[in-house]
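K.L.:
With the hints as constraints, model all of the structure from the sequences given.
Residue strings, one per chain:
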Amino acid sequence: MSTVSRAAAIRVEDLWFAYPDGTEVLRGVALALEPGERVALLGPNGAGKTTLVLHLNGILTPSRGRVVVGETTVDDAHLREVRRRVGLVFQDADDQLFMPTVWRDVAFGPANFGVEGEELEHRVAAALQAVGAAHLAQRPPHHLSGGEKRRVAIATVLAMEPEVIVLDEPTSSLDPAGRRELADVLSRLTQTVLLVTHDLPFALELCPRSLILNHGRVVADGATWELLADAELMAANRLELPFGLDPTRARPPA
Amino acid sequence: MSGTHLHVLHVHGHSPVHRLAPEVKVVAMLAFVVGVVATPREALWAFAIHAFFLVAVISFAELPFGFVFRRMMIEVPFVAFAVALPFLGGGPRIEVAGVLVSLEGLWGAWNILAKGTLGVGASVVLVATTEIPEILRGLDRLRVPRLLTSVAGFMIRYIEVLASELRRTRTAMASRGHDARWLWQVGPLAASAGALFVRSYERGERVYQAMLSRGYDGTMPQLDERRARGTEWAAALGLPLTTWMVALLAIVGS
Numbered sequence: 004m005s006t007v008s009r010a011a012a013i014r015v016e017d018l019w020f021a022y023p024d025g026t027e028v029l030r031g032v033a034l035a036l037e038p039g040e041r042v043a044l045l046g047p048n049g050a051g052k053t054t055l056v057l058h059l060n061g062i063l064t065p066s067r068g069r070v071v072v073g074e075t076t077v078d079d080a081h082l083r084e085v086r087r088r089v090g091l092v093f094q095d096a097d098d099q100l101f102m103p104t105v106w107r108d109v110a111f112g113p114a115n116f117g118v119e120g121e122e123l124e125h126r127v128a129a130a131l132q133a134v135g136a137a138h139l140a141q142r143p144p145h146h147l148s149g150g151e152k153r154r155v156a157i158a159t160v161l162a163m164e165p166e167v168i169v170l171d172e173p174t175s176s177l178d179p180a181g182r183r184e185l186a187d188v189l190s191r192l193t194q195t196v197l198l199v200t201h202d203l204p205f206a207l208e209l210c211p212r213s214l215i216l217n218h219g220r221v222v223a224d225g226a227t228w229e230l231l232a233d234a235e236l237m238a239a240n241r242l243e244l245p246f247g248l249d250p251t252r253a254r255p256p257a
Numbered sequence: 002m003s004g005t006h007l008h009v010l011h012v013h014g015h016s017p018v019h020r021l022a023p024e025v026k027v028v029a030m031l032a033f034v035v036g037v038v039a040t041p042r043e044a045l046w047a048f049a050i051h052a053f054f055l056v057a058v059i060s061f062a063e064l065p066f067g068f069v070f071r072r073m074m075i076e077v078p079f080v081a082f083a084v085a086l087p088f089l090g091g092g093p094r095i096e097v098a099g100v101l102v103s104l105e106g107l108w109g110a111w112n113i114l115a116k117g118t119l120g121v122g123a124s125v126v127l128v129a130t131t132e133i134p135e136i137l138r139g140l141d142r143l144r145v146p147r148l149l150t151s152v153a154g155f156m157i158r159y160i161e162v163l164a165s166e167l168r169r170t171r172t173a174m175a176s177r178g179h180d181a182r183w184l185w186q187v188g189p190l191a192a193s194a195g196a197l198f199v200r201s202y203e204r205g206e207r208v209y210q211a212m213l214s215r216g217y218d219g220t221m222p223q224l225d226e227r228r229a230r231g232t233e234w235a236a237a238l239g240l241p242l243t244t245w246m247v248a249l250l251a252i253v254g255s
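For the record, the sequence lines run as chains A and B. Numbering-wise, the numbering used here comes out as the position in the first sequence, counting from 1, plus 3. Numbering-wise, the numbering used here comes out as the position in the second sequence, counting from 1, plus 1.
Worth flagging that the hints you see were computed from the coordinates, not collected in a lab. C-beta: ideal position from N, C-alpha, C; glycine also. Some hints here could point you the wrong way.
As the list claims (entries may be wrong) - So the derived label-pair ranges between C-beta atoms look like this:
hint : chain 1 : residue 1 : chain 2 : residue 2 : range
1    : B       : M174      : A       : P256      : 49 to 59 Å
2    : B       : L163      : A       : H218      : 33 to 43 Å
3    : A       : F246      : B       : M174      : 33 to 43 Å
4    : A       : G247      : B       : G195      : 40 to 50 Å
5    : B       : L190      : A       : A10       : 56 to 66 Å
6    : B       : F66       : A       : S176      : 19 to 29 Å
7    : A       : A137      : B       : R228      : 18 to 28 Å
8    : A       : E121      : B       : D180      : 51 to 61 Å
P.N.:
See below:
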C-alpha cells in the first residue's frame, strides 16, 4: 500500500465487506485515483461494483480496511465532509431525482451543506449549465426523458462542487443520442471521475485508465485499451467486446 | 412515460390567478370555503353571491367552464347521500312534483349540495392554476410541518413511477394471456401487488441512500425562491373577505 501516491484524490485500502446475511462482496479491494484522472471500473454483474461505490462516501461501512478522500479517512466523524467532496450518481436516475422540480433537486445537495441565497442560485444555475439542462429547471423530474434525467442527476452532484464524481452505470437505459450527450458532458468535467460501467466502448472513449473488479478484488489495473485487448483477461472476467470493436485502435501514439 | 403535463387537473396558463403566489391561493381558497360553510343555508341570496364570485374567478383565471364542470364531478359520490335526505328526513313534509318530501331533509340536501359544490369549485380553481410542487411550496411557507409536505412531495414524485411499474406488470400478464377485466380475475394482479410493495420498499432504500449522499441529515433544506408580496395577499384575500362579510350579513339577517 505504500506504493500509492500520497496525493491521491481517493484511495481505497484493503477494503472488505460482507452483507448481514454473510455474503462476502468485497475481499480486499485496493485502488487509488490521481486528482483529475478519469478511470473506468469494469467487471461482471455481482462483482461488487455498486457495493464498492457505496463505500466511497460512507453509505456503507467496511468490515475491514478504509477509504481515504484526499487526506481524510471516511469515518463517522467526517461523513458530511466526505459526502460533499465525493458525489455519487446512482444507476437509476429516478432514485436520485426525488424533489418536485429539477431546480429544487439540484439545490438539495448544496442547501444541505448550508449554501443559500444568491450563492445557491448561482451553484444550481452553473450545474445545470454544465450539463446543458438550464432550460429544464422548473420541470418535474418524472417528465424528463432518460437522457435528460441522467444529465440532471449529474447536475445534482456538480452543484455540491465535489472533488470526485462517481457514476454507477451512467449509460444504462440511454439511447445512442443520450449516450453521446452524456459523453460530451463527462469529457468536459475537470474533477476526478470514477466511471462504473458495462459499456466498454464508452470506457474506452472516456477513460485512459481502467480497473477490473471481480470476486470482490481489483484483478487488473492499466490502460483501458490494453486491458480490453487482452482476450484472456477479458474472458476470465466475463467481459465481452462488442462486435467489431478493436481496442488497439485507441492506443495513444507512442 | 405517459402524460405530457404535470397533472391532469392543471390547466396551463398565464392569467393573474396562475401567477399569484401559491400560499396566497391556498389561504384564499380555505378562507372562501370557511365563509361559504359559515353561511346559513336559508340565505339563498348569499349563495348566489358566492357562486357569482366563484364564476368570476374561473373566468378571470381563463379556465374553460366545461373543464371546471367535469372536474367538479368528483363531488358526485360524496353528495349522492344528500339526494336521499329529502326522503329520509323527518318533520313536516311538502309536496314537490307530486312526491311528499321532508322539508328539513330538503334543506339538508340543499345545504350539502350548495356548500359542497362551491368548495369543490374553489379547489378545482386552485389546482387548475397551481402546479402541485407550487402548492407544496405554498404549504411549506405557511408553516405546514416539513415532514408532511415532504411525504406528500415524495408520494407525488413516485406515484407515477409506481403506476408505470404496475402498468408494465399488467402488460407482462396480458402478454401471457391473463387479461383481467373482472373482479374475480384480480388474483394474479393482487399477488403482483406484493412484488410491487417489495420493489417500492427497495426503491425507498435507494432514494434514501441518494439523499444521504447529498448531505441529508433528517430535515429537508429550506429552498424558498419567491415570497408573496403584500399586494398579492391584498388582491387574493379581497374575495374571501367579501365572502365572510356576506356570510356575516346572512347570519345577522336570519
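K.L.:
All hints, please: hold or fail.
P.N.:
Each hint tested on the structure:
One distance hint, 49 to 59 Å for the beta-carbon pair B/M174 and A/P256, holds here, with the actual separation near 56 Å. At about 36 Å, the beta-carbon gap between B/L163 and A/H218 stays in the expected band of 33 to 43 Å. For A/F246 and B/M174, the Cβ-Cβ distance of about 35 Å falls inside the hinted range of 33 to 43 Å, so the restraint holds. Our hint of 40 to 50 Å for A/G247 and B/G195 holds, since their Cβ atoms are close to 44 Å apart.
For B/L190 and A/A10, the Cβ-Cβ distance of about 57 Å falls inside the hinted range of 56 to 66 Å, so the restraint holds. In this structure, B/F66 and A/S176 break the distance hint of 19 to 29 Å, their C-beta atoms being roughly 43 Å apart. Checked against the given bound of 18 to 28 Å, the beta carbons of A/A137 and B/R228, roughly 24 Å apart, stay inside it. For the pair A/E121 and B/D180, the beta carbons lie near 56 Å from each other, so the given range of 51 to 61 Å is met.
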